Amino acid sequence: MSMLCQKCKKHAATVHLTEILNSEKREKHLCEQCAAQEGLTDKAQQPINQLVAKFVLAQTEAKELSQITCPDCGMSFLQFRNGGLLGCPNDYEVFKQTLVGLLEKAHEGRTQHVGKIPGGRENKHKRQHELMKLRRDLQEAVNLEDYERAAALRDKVKGLEENG
Amino acid sequence: MDNVTELVSGRGDWLKSVNSEGGIVISSRIRLARNLGGFHFLSKCSQQDRDEIQALIVGAINSSALGGHFFYVHLDNMGPLERQLLVERHLISRQHAEAEGPRGVALVGDETVALMVNEEDHLRMQVLYGGLQLDKAWQRINQLDDQLEERLEFAFHEQFGYLTACPTNIGTGIRVSVMMHLPALKITGEIERVFRAAKDMHLAVRGLYGEGTEATGDFYQISNQSTLGKTEEEIVEEFRDLVVPRITEYEVQARELLTKQKSTMIEDKVWRAIGMLKYARTISTEETLLLLSHLRMGLNMGMLNDVDLDTINELFLNTQQAHLQIITGQRLDGEQRSKLRADYIRRRLSNHQNN
Chain A
132 MSMLCQKCKK HAATVHLTEI LNSEKREKHL CEQCAAQEGL TDKAQQPINQ
182 LVAKFVLAQT EAKELSQITC PDCGMSFLQF RNGGLLGCPN DYEVFKQTLV
232 GLLEKAHEGR TQHVGKIPGG RENKHKRQHE LMKLRRDLQE AVNLEDYERA
282 AALRDKVKGL EENG
Chain B
7 MDNVTELVSG RGDWLKSVNS EGGIVISSRI RLARNLGGFH FLSKCSQQDR
57 DEIQALIVGA INSSALGGHF FYVHLDNMGP LERQLLVERH LISRQHAEAE
107 GPRGVALVGD ETVALMVNEE DHLRMQVLYG GLQLDKAWQR INQLDDQLEE
157 RLEFAFHEQF GYLTACPTNI GTGIRVSVMM HLPALKITGE IERVFRAAKD
207 MHLAVRGLYG EGTEATGDFY QISNQSTLGK TEEEIVEEFR DLVVPRITEY
257 EVQARELLTK QKSTMIEDKV WRAIGMLKYA RTISTEETLL LLSHLRMGLN
307 MGMLNDVDLD TINELFLNTQ QAHLQIITGQ RLDGEQRSKL RADYIRRRLS
357 NHQNN
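Going line by line, the protein sequences match chains A and B. Our numbering puts the first residue of the first sequence at 132, with every later residue one more than the last. Our numbering puts the first residue of the second sequence at 7, with every later residue one more than the last.
Do not take every clue at face value.
[Stated by the list, open to error] Derived CB-CB ranges, DEER-like:
#1 A:Lys-289 - B:Phe-77: 43 to 51 Å
#2 B:Ser-52 - A:Glu-261: 13 to 21 Å
#3 A:Ile-199 - B:Glu-164: 18 to 26 Å
[Claimed, not checked] Residues of chain A placed beyond 12 Å of chain B at every Cβ, according to the derived structure:
#4 Met-134
#5 Lys-140
#6 Ala-144
#7 Gln-270
#8 Asp-277
#9 Arg-280
[Stated by the list, open to error] With a straight-line cut-off of 20 Å between C-alpha atoms, the simulated SDA-like cross-links for lysine to any residue are:
#10 A:Lys-236 - B:Thr-222
#11 A:Lys-264 - B:Ser-52
#12 A:Lys-236 - B:Met-207
#13 B:Lys-192 - A:Gln-164
#14 A:Lys-138 - B:Glu-198
#15 A:Lys-264 - B:Leu-62
#16 A:Lys-289 - B:Gly-107
#17 A:Lys-264 - B:Glu-58
#18 A:Lys-289 - B:Arg-56
#19 A:Lys-159 - B:Glu-198
#20 B:Lys-205 - B:Glu-255
#21 A:Lys-236 - B:Arg-202
#22 A:Lys-236 - B:Gln-165
#23 A:Lys-227 - B:His-163
It is worth saying that the hints were derived from the structure and are not from the lab. Small disclaimer: the values here were computed from a predicted structure and weren't measured. From the three backbone atoms N, C-alpha and C, an ideal C-beta is built for every residue, glycine too.
Make the full structure from the sequences, and use the hints.
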């Protein structure tokens, strides 16, 4: 005899769930309809920020992590955790250690790209990084109304863009 | 094209009757996410950065071989109704419509290609075809990506591939989505089978307009979740050879079961749908979607012949709220729209009969 659904007590329970909440273990046994009503059957579709928050909480060094900030874009790990979006390509280096764990969860355990590669990649990476930093400095110069410095930086950006 | 409202006089190529897999597969969409190297992602971009990114991308499109085919639409100086129109035609995301700041979309006239600029990523390319045409969609978008890549430098990482603002999109940056019409599974209560299969295969199931929308009118968008560690071709093949055939088979089985065991119930649903659509004096978007879904099912199951798929497709598109208001040239509240919608459907269905 199979177990009955805890909620409707009519149908056979086919969805079994163990939840750990505040270190308390709770078991749920529901039929498909009741599980669907509670939105339990498509757990795989959690929004990324929930996935991130959960993942980060599970990390013992979460506190230290939240102190790390990207020197390029100013994104902190805490900010990323709350919003779910990164601030610049360099964040993937800055937060690499933690991100790899998250990527494994999001991409079926895989962390190495094997798909399409853009042509002529040599040295582009460094140049992209350089450009991003220059554009950030340029914005700061404009904000500070330091137009002389801004003009010099703009020339540098132009130069780098044209040599691409 | 100067004005997006002109789009309402036509219909995107993807909605022209490609009756594939018994009408179960409505459309095939592939999206690629890209960011320009040397800029921050959008959450850390200044207004000026956004302007610059937009100018670079639009410049690249115009100067490439693609140039003559596209027209660019700036969303920041467009009214909400026109933006909603683009959402209803699946040319931009709801998020893109509702965002702020310099952003837009480059479109081709037949609506098979849409390039969103400054959405969640700097560039999100979309190719959309009717029926099951994933290989064709991949070839087209891959080519577009190559052409733009000659003029733009996309952020790329040796290990993580194409870099995106959200880590769930990195690697290939590809999102393959197939829109499926699954009314029989809904009626038999077996739609859960689809959710379970989707979970097994690491897929997401969403509603008609993508992320955060509910499945209305029995339309489900099935898309891949993982984008890293597989090639684009592998992801496309998985859809073509595994995902779509499996879910299609479930729906076919459900339709056979209904025909064999519940033929009166199912016929009644279809004929009630026709009755309501032909005679209702006021009708909401949700009810319209559900009834049109039943009508479409009846047509695909060979139960009726006095309505054709083109008319149903046209009604799906034109009864949505922005379409309705632009077509009739009236700005209306919900109650008035419901009346106008019923009038429009009645007219189209009775016209059809007289033809």
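Here is what the structure says about each hint:
no. : hint                              : verdict
1   : A:Lys-289 - B:Phe-77: 43 to 51 Å  : violated (29 Å)
2   : B:Ser-52 - A:Glu-261: 13 to 21 Å  : holds (18 Å)
3   : A:Ile-199 - B:Glu-164: 18 to 26 Å : holds (22 Å)
4   : Met-134                           : holds (18 Å)
5   : Lys-140                           : holds (19 Å)
6   : Ala-144                           : holds (14 Å)
7   : Gln-270                           : violated (5 Å)
8   : Asp-277                           : holds (15 Å)
9   : Arg-280                           : holds (16 Å)
10  : A:Lys-236 - B:Thr-222             : violated (30 Å)
11  : A:Lys-264 - B:Ser-52              : holds (14 Å)
12  : A:Lys-236 - B:Met-207             : holds (14 Å)
13  : B:Lys-192 - A:Gln-164             : holds (12 Å)
14  : A:Lys-138 - B:Glu-198             : holds (18 Å)
15  : A:Lys-264 - B:Leu-62              : holds (18 Å)
16  : A:Lys-289 - B:Gly-107             : violated (25 Å)
17  : A:Lys-264 - B:Glu-58              : holds (15 Å)
18  : A:Lys-289 - B:Arg-56              : holds (17 Å)
19  : A:Lys-159 - B:Glu-198             : holds (18 Å)
20  : B:Lys-205 - B:Glu-255             : holds (17 Å)
21  : A:Lys-236 - B:Arg-202             : holds (19 Å)
22  : A:Lys-236 - B:Gln-165             : holds (16 Å)
23  : A:Lys-227 - B:His-163             : holds (12 Å)
In terms of the numbered hints stated before, the structure departs from hints 1, 7, 10, 16, listed from lowest to highest.
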